[in-house]
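Undergrad: Sequence:
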Amino acid sequence: MKVKSIGFVGTGVITEAMVRGLLTEPTYASEIHVSPRSAHIAATLAAEFAAVRIARDNQDVVERSDIVFLAIRPQVAEEVVRKLSFRDGQTVVSVVAATERQALLDWIGADVHLLQAIPLPFVARRQGVTAIYPSDDTVSALFDTLGTAVQCQSRKEYDLLATASAMMSTYFGIMETVAAWLERSGLERATGHAYIAPLFASLAQKASGPGAEPFSTLSREFATKGGLNEQVLSDFEKKGGLAALTIALDGVLARIEGRTT
Numbered sequence: 001m002k003v004k005s006i007g008f009v010g011t012g013v014i015t016e017a018m019v020r021g022l023l024t025e026p027t028y029a030s031e032i033h034v035s036p037r038s039a040h041i042a043a044t045l046a047a048e049f050a051a052v053r054i055a056r057d058n059q060d061v062v063e064r065s066d067i068v069f070l071a072i073r074p075q076v077a078e079e080v081v082r083k084l085s086f087r088d089g090q091t092v093v094s095v096v097a098a099t100e101r102q103a104l105l106d107w108i109g110a111d112v113h114l115l116q117a118i119p120l121p122f123v124a125r126r127q128g129v130t131a132i133y134p135s136d137d138t139v140s141a142l143f144d145t146l147g148t149a150v151q152c153q154s155r156k157e158y159d160l161l162a163t164a165s166a167m168m169s170t171y172f173g174i175m176e177t178v179a180a181w182l183e184r185s186g187l188e189r190a191t192g193h194a195y196i197a198p199l200f201a202s203l204a205q206k207a208s209g210p211g212a213e214p215f216s217t218l219s220r221e222f223a224t225k226g227g228l229n230e231q232v233l234s235d236f237e238k239k240g241g242l243a244a245l246t247i248a249l250d251g252v253l254a255r256i257e258g259r260t261t
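For the sequence shown, full-length UniProt numbering gives the first residue as 1, with consecutive numbering after it.
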């Protein structure tokens, strides 16, 4: 099923990833309208895909689109959204991070069908998972095209998954820490990278798919009694690594829920 017209207010990394995923064959949208901000990205997409149109401005995006994605930074979201006029009943999907749903509705000021989503850069290759709230079959089908959609049944569920998505930089930071340690210890950087990336990818595959064991079971399975993996996990926990991670997640959730400034 194709959506006739999809628009993006904001033309950054996530917009580019979604457009590329949506216009991979078989395509999902007949027309995609992008705002002229981030002119280089907009021009690149328009040159590469015949279905991409560069709008005159953000209001033009809204007027030409059946589904409008708000893909702007939270720092400027209110200023941008309040200037726009939406149609009652129009489907609007916000991918603005750490922004309360009610605030978005107040800024929009129309009786729209508002959803929130957390698409990640992997959607460019139609991979990865996207949390959406509230549940919606049309928007879910769109994100199923881009990988896998998870329809959240409550705001709390959505906020928790949003918190988990904040782990991406830390994931790569751990890989960088190991690579840097290997380099300091005498291994060439390229060799360390070539080993670490597939290692972590294989671990993720082990935990994915039907019949995958719980993370706790896998942790025990890979931590042989008295072995090296057990030693690292034990030291990491004793030195406060697990506690620091839990504190960090608590802080992100508080920010998402508006309990911090």
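It cannot be assumed that every hint is accurate.
[Unchecked claim] Here are the in silico distance ranges between beta carbons for each label pair:
1) Thr-24 - Gly-251: 15 to 21 Å
2) Arg-259 - Gly-186: 18 to 24 Å
3) Ser-85 - Glu-25: 32 to 38 Å
4) Thr-191 - Arg-101: 46 to 52 Å
[As the list claims (entries may be wrong)] In silico lysine-lysine, DSS-like type, Cα no more than 27 Å apart, as pairs:
5) Lys-225 - Lys-238
6) Lys-239 - Lys-225
7) Lys-225 - Lys-206
8) Lys-4 - Lys-83
No lab work stands behind these hints, which were simulated from the structure alone. Ideal Cβ positions, reconstructed from N, Cα and C, are used throughout, including at glycine.
Undergrad: Hint by hint, which ones does the structure fall short of?
TA: When the structure is compared with the hints, numbers 1, 2 turn out to be violated.
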